[in-house]
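Using the hints, position chain R against chain W.
Number of protein chains: 2
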Amino acid sequence: MRFADTDPLNRTRYPIDEWALVETEFNDDEQGRTETLFSVGNGYLGLRGNVEEGRDGHEHGTFINGFHETWPIRHAEEAFGFARVGQTIVNAPDAKIIRLYVDDEPLVITEAELTRYERRLDFRLGALTRSIEWRTPSGKRVLITSRRMTSFTDRHLALLDYEVEMLDADAAITISSQILNRQDGRDEYRAAPAAEPGAFDPRKAETISERVLQPRVKRHEGSRYLLGYQTTNSGMSLAVAAEHSILTANAYTETGTIGDDLAKHIYKVTARRGVPIRITKAVSYHTARKVPARELGDRCDRTLDRAAEIGVNQVFAQQRAWLDAYWARTDVVLDEQPVLQQAIRWNLFQLAQATARTDGGGTAAKGVTGSGYGGHYFWDSEIYVLPFLTYTSPIVARNLLRFRQKMLDLARARAVEMNQHGALFPWRTINGLESSAYYAAGTAQYHIDADISYGLCQYLNATGDEDFLVRGAIDILVETARLWEDLGFWRTGTVDDVFHIHGVTGPDEYTTVVNDNLYTNVMARANLEAAAEAVDRMKADHPAEYRMMVERLNLTPAEVAAWRRAAAHMHIPYEERLGVHPQDSAFLEKELWDLEHTPDNRRPLLLYYHPLVIYRFQVLKQADVVLALFLQGHRFTRAQKLADFEYYDPLTTGDSTLSAVVQSIIAAEVGYHELALRYFRSALFVDLADLHGNTADGVHVASTGGVWAALVNGFGGFRDQEGVFSFDPRLPEDWERLTFRLTIHGTRVRVSIDQESIAFQIEEGDSVQLSVRGTPIEIAGAEEVRVELLADHRARILGAPTMGDVAGSRRSDGSLLTASIPTLSLLDTGEVPIGAE
Amino acid sequence: MRFADTDPLNRTRYPIDEWALVETEFNDDEQGRTETLFSVGNGYLGLRGNVEEGRDGHEHGTFINGFHETWPIRHAEEAFGFARVGQTIVNAPDAKIIRLYVDDEPLVITEAELTRYERRLDFRLGALTRSIEWRTPSGKRVLITSRRMTSFTDRHLALLDYEVEMLDADAAITISSQILNRQDGRDEYRAAPAAEPGAFDPRKAETISERVLQPRVKRHEGSRYLLGYQTTNSGMSLAVAAEHSILTANAYTETGTIGDDLAKHIYKVTARRGVPIRITKAVSYHTARKVPARELGDRCDRTLDRAAEIGVNQVFAQQRAWLDAYWARTDVVLDEQPVLQQAIRWNLFQLAQATARTDGGGTAAKGVTGSGYGGHYFWDSEIYVLPFLTYTSPIVARNLLRFRQKMLDLARARAVEMNQHGALFPWRTINGLESSAYYAAGTAQYHIDADISYGLCQYLNATGDEDFLVRGAIDILVETARLWEDLGFWRTGTVDDVFHIHGVTGPDEYTTVVNDNLYTNVMARANLEAAAEAVDRMKADHPAEYRMMVERLNLTPAEVAAWRRAAAHMHIPYEERLGVHPQDSAFLEKELWDLEHTPDNRRPLLLYYHPLVIYRFQVLKQADVVLALFLQGHRFTRAQKLADFEYYDPLTTGDSTLSAVVQSIIAAEVGYHELALRYFRSALFVDLADLHGNTADGVHVASTGGVWAALVNGFGGFRDQEGVFSFDPRLPEDWERLTFRLTIHGTRVRVSIDQESIAFQIEEGDSVQLSVRGTPIEIAGAEEVRVELLADHRARILGAPTMGDVAGSRRSDGSLLTASIPTLSLLDTGEVPIGAE
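Chains W and R, in that order, give the protein sequences.
Read in our numbering, the first sequence has 91 at position 91, and its numbers run on one by one without any break.
Read in our numbering, the second sequence has 444 at position 444, and its numbers run on one by one without any break.
No wet-lab data here; the hints were simulated from the structure.
Hints are supplied without guarantee of correctness; some may be wrong.
[Stated by the list, open to error] Rough simulated footprint, nothing fancy, chain R against chain W, three-plus residues with beta-carbon under 8 Å:
| hint | region |
| --- | --- |
| 1 | 67-77 |
| 2 | 415-427 |
| 3 | 607-617 |
Beta carbons: idealized from backbone N, C-alpha and C, even for Gly.
Bound-form chain W, shown alone (with noise of 0.2 Å):
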């Protein structure tokens, strides 16, 4: 685990900026990452942040959710089951491209003399801008302003502009707008992870080598373009469409070319000193899987229309006011924070690039910015982006589980070709197919199904939204349960009847095919009583739609119960001696790694030794017993929480990015403050400050949803568990004031931290029922609600009608616990521990 400096960026290059990120210089070396940190994109279609030129990019990027190419995958040594589909995101053709000569002389960035240099991505308009003075070989001075967007509002609309200036001299220049499919050519696209020791990379996007998109309709109309697609081996569709125009008070003449691979626009300008030229392309993008591309083709006429009738001012401004609406249900405020503030709102500015406009589709594990892992979709989704979703933007998460749902018959046919009843989601995939093939950190890490389970009652509870689960989502309840019931098994003989679940990857994949992993149990337990409660909650409110799942699903009431006996006797691992919970039966077993004497240039342990290696040891890629911790919190003692998190924490190395922000939150939960922040800054700059070096293959998006729960469930002390909706904060010492919305039930509610305090305010809606610290709390009306945080870790509410007990007295110091000592702050839930006795 690399953490971050308390500011891990160079202020020169990138000067603070809370409503933006900012870079001024420009840096080839960096050029990898910065693409990936000035994408733009809108959950649908993703452009990488490369020059506007369209030269020496590290990876010319333009990536269109779900848009993917199907191969078979081979097995250097098959087996039954093993994942046979392959999906890979397939980079589309390069819209972005606006190339500029002046007296034929080409800007190519890598190499021009810029005496002034500025890129912007900001947060509020979402757009990326760039302001460049270039110093032409000949002496001219040339200024060029450039921006660039995906809209909120459209989901098949891109605006780019372009103008050019001439600063001291007149020149003759040639702007070449183009339409540019790169796939098939190596030249500008990256290679193929070479076959050599050690030169691999498993994060990396395979690369399929024969021609991927075949060329199906070109068109071309004054200035307008139109180039359309169908993949080779999965069939889908694509068209890209682009509409220029000009305005300047130069002399100019436009002429046009168009190809298979290539259109491209040129406006050849007779450009005099200081009568700027600017250009506009309006650029759209359909995909789909069964429509021809010239349908899709027309699709993208009308979406360019549009925009046309509208005007480009008029995009720009429907931009800004969506996210001002954006902001408004999701920022996270630092006060007198700037460092940590634009990292914060960088993050959630890229939550909303992943997933606004996902619409049917899912989330990637880089959005719509990067090839890396191929554009799957994984875990991530439910566990890590989910739940920000649900409390501020619940349309989208409604989405995303439909996508799930929609994935159901898929599911159902892999688990019965995995043997078992039910459903068994896919590790990762695109179109529902299991892709993973490496099946001990794939296909085995079966708690894909609880972490589906979970997002879907989270977003059940948070919003109420019953009408979704009646309508259908109940069945991947039913199913998943269905799934646990079969894959574990009773075994009898020892004291009590016990349910196991044997041979399944938790989610450290540092450690796979074990029995009995904690986390998997765990979770596996609460999908098994989910789903129980929800077919009876069902059969009690909604009887109609009851009946009609029972036939849809021959869904019988034995199987309910036995969801519930298996419930209710799962094995839950627990050292006596230790005092900890085994991540497995036999983790405790194994040897100890030696972390501390691993140099860093074995790390990540995954690039420098052989599974086998790996597995022997104690030795975590990422948070496993302690995200169920967590995720179940309500089910372990403090006591419990702690020792796990002392156990763990020393043993884990963070390689993956999953880790740092659940360690971050259980940090902060037992009381180690110190630490809690340093793994929320690892989180915080995962990709800004490239800590895993890899930012190059897109942004980490399941740690940016990691980012917001750090902040709202670590430091903010938020849960849901049981249907409470609960706080008990825990801030930093150094924070004066942590701010931040939430929507509960459709009641949007902003909470307020600070040292003494925490205070809630109704947004929108009516009321929303909480609780602080065990003290139940009804917050409704305009009135700021207040409640004193109080030494003993009790709530003494100010300024609101109490609904709770109050008691306690206040803090007298108002200092926090220090980091150093261990201090638990979690109020003790009364609950049975588990195994503990």
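Positioned in the frame of chain W, the structure of chain R alone reads:
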């Protein structure tokens, strides 16, 4: 496990002959199987039993041991240390082809009207002969007699002859003798396994689609043709040459052509009725790693020149003489059991064909009879084949061990890559590099190290070849001991310090990557002990070589002490409640697979269930604990053996052909006599009756070695543990007499067992120390020594000087124990039971 019927062959088609395999009908459907069964080979060169005319084969096959192509293994998901270099035996240019045209009508066996057909693989002549009578479409009868052999005395030489006689009419006859490089052409080569679900079989070879053999030389002079090639990636070279001669009283002309991939010598004969035409084709193959093909061509010339000098008849005579000597050393005779006798000799003949002239090479899983398992070498060599060679052909055994010794540097490098000290031998390989692309059932089988050490120690013990040890083989013991000492670890804090080995796979591939696999721990213990003992012995007996070795290997006394300590404290899991040794530390906690209700069409399990499903259950592909009971029998009590066998036998599918022979041996030992026989028959007929359905891919060579072991170790009750050569026979009830030979310390002794006694007779050499049922005995001189087998499982020596005490009375009724009541026939050695106290 499919058990064989008492006589599973169709005797109309395959009549019984104790010294030959005979086929009297051509059957197109069984071609794949019969191509394998009628292969000829000498351990270096193998020719599958394809029809002479070279058409319509299942797999036209010419294999040269170790002649392989390499290819980069592409893992669908890559990880550090995964095997990178795929290796596949090359199907060499086919020189078997002799096409016949009568009046321009080709003889195509699959379509021809054959009025007579006989094929015969003669175990004493070492040749395959075929005699057919063909009625041509125009009604002419043609008698064709052909013969094919690969020489045991000159491994580069094959001889083929082909005689044609028109029986009742004259005809224009064309005979086209060819060398055809088919490797690239798919038309006559089996297609690669399809990517469809279920259509794979991991036991088949990987097919390489690029051109493998690059033409380097072609030469044609008179009736001699030479083609030379180099493999594209591995850079190996091959030359094949053929020399032709004709003997006939008919008029004829001869012509020839040569191309890159095809050489043809064509005889056109004006054949008169009753006047035979006899073509002789001498073929030579030479291969090398670093010699140009041109030079290999010269070697081919010399081989062919020498063969021409000697003459065909003399070559066949030498073959016969070689086999006479072979059978004198190896023959196992079952009186009055012609069905079994034929099958036993076929199996023993296959051992000659697979091993005789490997010279510096290994023994592939399929010998040189097919491309199954890619021509790879596995532990089969040391555990299943080497014991036979050690006791019948020590020179060949030594060659096989030297092959491993030469691999040591690569095994050291692999250990480094796997983060271990010492040497780790590849699980499957041709060139010494790990080629197993599925590590869970590949690299994780660390027991390969202990298996090789076991084979080496057995060889040293049986031959007394100290010279081999001190001149370098000691390095194998030292480096493997180092591996174990480093791979395992000490777990302290429990009652006693215990040495554990985690994260390995045992022989049973239906359970992978486990902790404390019993087989591995027991064999590793033996490895550690043997290494320490050998080092000490060498220090005492060969001080000069000892000092060189210490310097060469940087060996310290502390290391040797550490091996002893690890061995002494090796964890041997034992389950008190069930009274059995768990296969690994978690095995007995798994759910039981319901084998009884698993339908036949879902077997073998590996073709119908995902590994994760199989691994989750107590179900075995092959003997694992039971194999340890055999190889380290002196470390287990008879009660333990019985309990373990009774526990594991019903869980064992026998989906691996390595299983039945081991189960037979232990079944015989613990008293399940009928079951021992059934397992024996399953192994004996595994290929002859195609019990596993994949004989077409080549002979199961390990099983042929196991057949010998089942006879000698199983029914013969021979053991060589703790330096004692002991016998405890348990002859099946209806067997009259079993006779076999063992060569011990250079002395060959014939062992004959009947229902009442065991008799020993020196056939070559001076004397040998043995033991029968605990009674030591020395065999010397020309006299046969007979030992009476008493009812209480002791022995009384008759007609020879007694060395030990004789006690007890003769068995009264002479009958053997019935199979239904397991009875212990093992003498209790007084050894402390492992883990039993």
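Each hint, compared with the structure:
Against chain R, the region 67-77 of chain W contributes 6 residues with a C-beta closer than 8 Å to a partner C-beta. That satisfies the three-residue criterion, and the hint holds. Counting residues of the region 415-427 of chain W whose beta-carbon sits less than 8 Å from any beta-carbon of chain R gives 3, enough to reach three: the coverage restraint holds. Proximity of the region 607-617 of chain W to chain R, defined as three or more residues with a beta carbon under 8 Å from a beta carbon of that chain, is established by the 9 residues found.
In terms of the numbered hints stated before, the structure departs from none.
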